[in-house]
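Novice: What follows is the residue order along each chain.
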Amino acid sequence: NAGVTQTPKFQVLKTGQSMTLQCAQDMNHEYMSWYRQDPGMGLRLIHYSVGAGITDQGEVPNGYNVSRSTTEDFPLRLLSAAPSQTSVYFCASGYLRPGKRSNYGYTFGSGTRLTVV
Amino acid sequence: KQEVTQIPAALSVPEGENLVLNCSFTDSAIYNLQWFRQDPGKGLTSLLLIQSSQREQTSGRLNASLDKSSGRSTLYIAASQPGDSATYLCAFANTGTASKLTFGTGTRLQVTL
Chain A
1 NAGVTQTPKF
11 QVLKTGQSMT
21 LQCAQDMNHE
31 YMSWYRQDPG
41 MGLRLIHYSV
51 GAGITDQGEV
61 PNGYNVSRST
71 TEDFPLRLLS
81 AAPSQTSVYF
91 CASGYLRPGK
101 RSNYGYTFGS
111 GTRLTVV
Chain B
1 KQEVTQIPAA
11 LSVPEGENLV
21 LNCSFTDSAI
31 YNLQWFRQDP
41 GKGLTSLLLI
51 QSSQREQTSG
61 RLNASLDKSS
71 GRSTLYIAAS
81 QPGDSATYLC
91 AFANTGTASK
101 LTFGTGTRLQ
111 VTL
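First to last, the protein sequences are chains A and B.
For the first sequence, the numbering used here gives the first residue as 1, with consecutive numbering after it.
For the second sequence, the numbering used here gives the first residue as 1, with consecutive numbering after it.
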C-alpha cells in the first residue's frame, strides 16, 4: 500500500550514540518533514524539505541532521543522543497543490519510539 | 507565530451522542487545515482537510468547518461510536509556510457504551 514507511519502530540508545531514523514515501510527494511528539507538548517540527536537495530547520532542530538526496527518502540523523531526545518521532509527506489528486494533504508514518538512556 | 488551542483536552460521552470538538487559531493566513485522529501508540490518520477557500468538508459521520474570521475550526462527529475513541488533532499550514504544520495538543475522546 502507498504511504510513509518509518524504520525502526522502536529503538533504545545510550547517551552519546548516533543513529539514523529512516523515512520513505512512495507517493511522489514533494514535501517531507519530521516531527517529535512529547506528552503535553504536542507535535513539534524538527526539519522539513520542500523537494530533493532542499531542507530547512523547524521549531526544534538542535541535535538533528537531515538530507534529501531523493524525492522518496528523508532520513533523520541523531548526532549524539541525549535523554532529552527521548520521544516519538513521526515522518510525514505531503502534496499541497490544490487540484484533483486524491492524496492532497499530509500523510504520516506510524512513528519511531526512541528511548535514550 | 501560529498558536493553536484545542478545547476540551478530554471528553467522555455516551454512545450515540453528537459532539463537537473545537480548535482555535491566532493567525488567519491559513493555507489549509487538517484534522487527524491518533489511536494510543499509533500514528496519525488524516480525517478531513479544508483548503483556505473552503468553509467545510464532510466524510461520513464527520464534518469539519473553518471560520477564518473568528479563528475557529470545529469537528462535528455524528452518532458517536466506541470506535471513535481516540485523540483528535487539528493542524494548520499557513500561507507562505505551507510545508510546516502547527498542531494543537489534541482532544482525547472516549465514547462509552
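FYI, nobody ran anything at the bench for these hints, they're computed from the structure.
By construction, the Cβ of each residue, glycine as well, lies at the ideal position given by its N, Cα and C atoms.
Check each hint, because a few of them may be wrong.
[Claimed, not checked] Distance condition first, Cα-Cα at most 30 Å in a straight line; then the derived DSS-like pairs of lysine-lysine:
1) B:Lys-42 <-> A:Lys-9
2) B:Lys-1 <-> B:Lys-68
3) B:Lys-42 <-> A:Lys-14
[Said to hold, decoys possible] To give an idea of the interface, some chain B residues facing chain A are shown, with a C-beta separation under 10 Å as derived from the structure:
4) Leu-19
5) Gly-41
6) Lys-42
7) Leu-44
8) Thr-45
9) Ser-46
10) Leu-89
11) Ser-99
12) Leu-101
13) Thr-102
14) Phe-103
Novice: All the hints need checking, so say for each whether the structure fits it.
Specialist: Do the hints match the structure? See the list:
Using a Cα cut-off of 30 Å, the hinted pair Lys-42 of chain B and Lys-9 of chain A holds, with the two alpha carbons roughly 10 Å apart. At most 30 Å may separate the alpha-carbon atoms for a hinted pair to count; Lys-1 of chain B and Lys-68 of chain B meet this at roughly 16 Å. Distance restraint check for Lys-42 of chain B and Lys-14 of chain A: the Cα-Cα separation of roughly 24 Å lies within the 30 Å cut-off, and the hinted pair is therefore satisfied. At about 21 Å, the closest approach between the beta carbon of Leu-19 of chain B and any beta carbon in chain A exceeds 10 Å, and the interface hint on this residue is violated.
Satisfaction of the interface hint for Gly-41 of chain B is found here, the shortest Cβ-Cβ separation to chain A being roughly 8 Å, below the 10 Å cut-off. Checking Lys-42 of chain B against chain A: minimum C-beta separation of about 7 Å stays under 10 Å; hint holds. This hint holds: Leu-44 of chain B has a C-beta 4 Å from the nearest C-beta of chain A, less than the 10 Å allowed. Interface restraint check: Thr-45 of chain B against chain A, minimum CB-CB distance 8 Å, threshold 10 Å, status holds.
At a threshold of 10 Å, the smallest CB-CB gap from Ser-46 of chain B to chain A is about 6 Å, leaving the interface hint in force. The closest approach between the C-beta of Leu-89 of chain B and any C-beta of chain A is roughly 7 Å, which is under the 10 Å cut-off, so the hint is satisfied. Interface restraint check for Ser-99 of chain B: the shortest CB-CB distance to chain A comes to about 5 Å, inside 10 Å, so the restraint holds. Interface restraint check for Leu-101 of chain B: the shortest CB-CB distance to chain A comes to about 6 Å, inside 10 Å, so the restraint holds.
For Thr-102 of chain B, the suggested interface contact is upheld, since its CB lies about 8 Å from the closest CB of chain A, less than 10 Å. For Phe-103 of chain B, the shortest C-beta to C-beta distance to chain A is roughly 4 Å, which falls under 10 Å, so the interface hint holds.
Comparing the model with each numbered hint stated earlier shows that hint 4 is the single one that does not hold.
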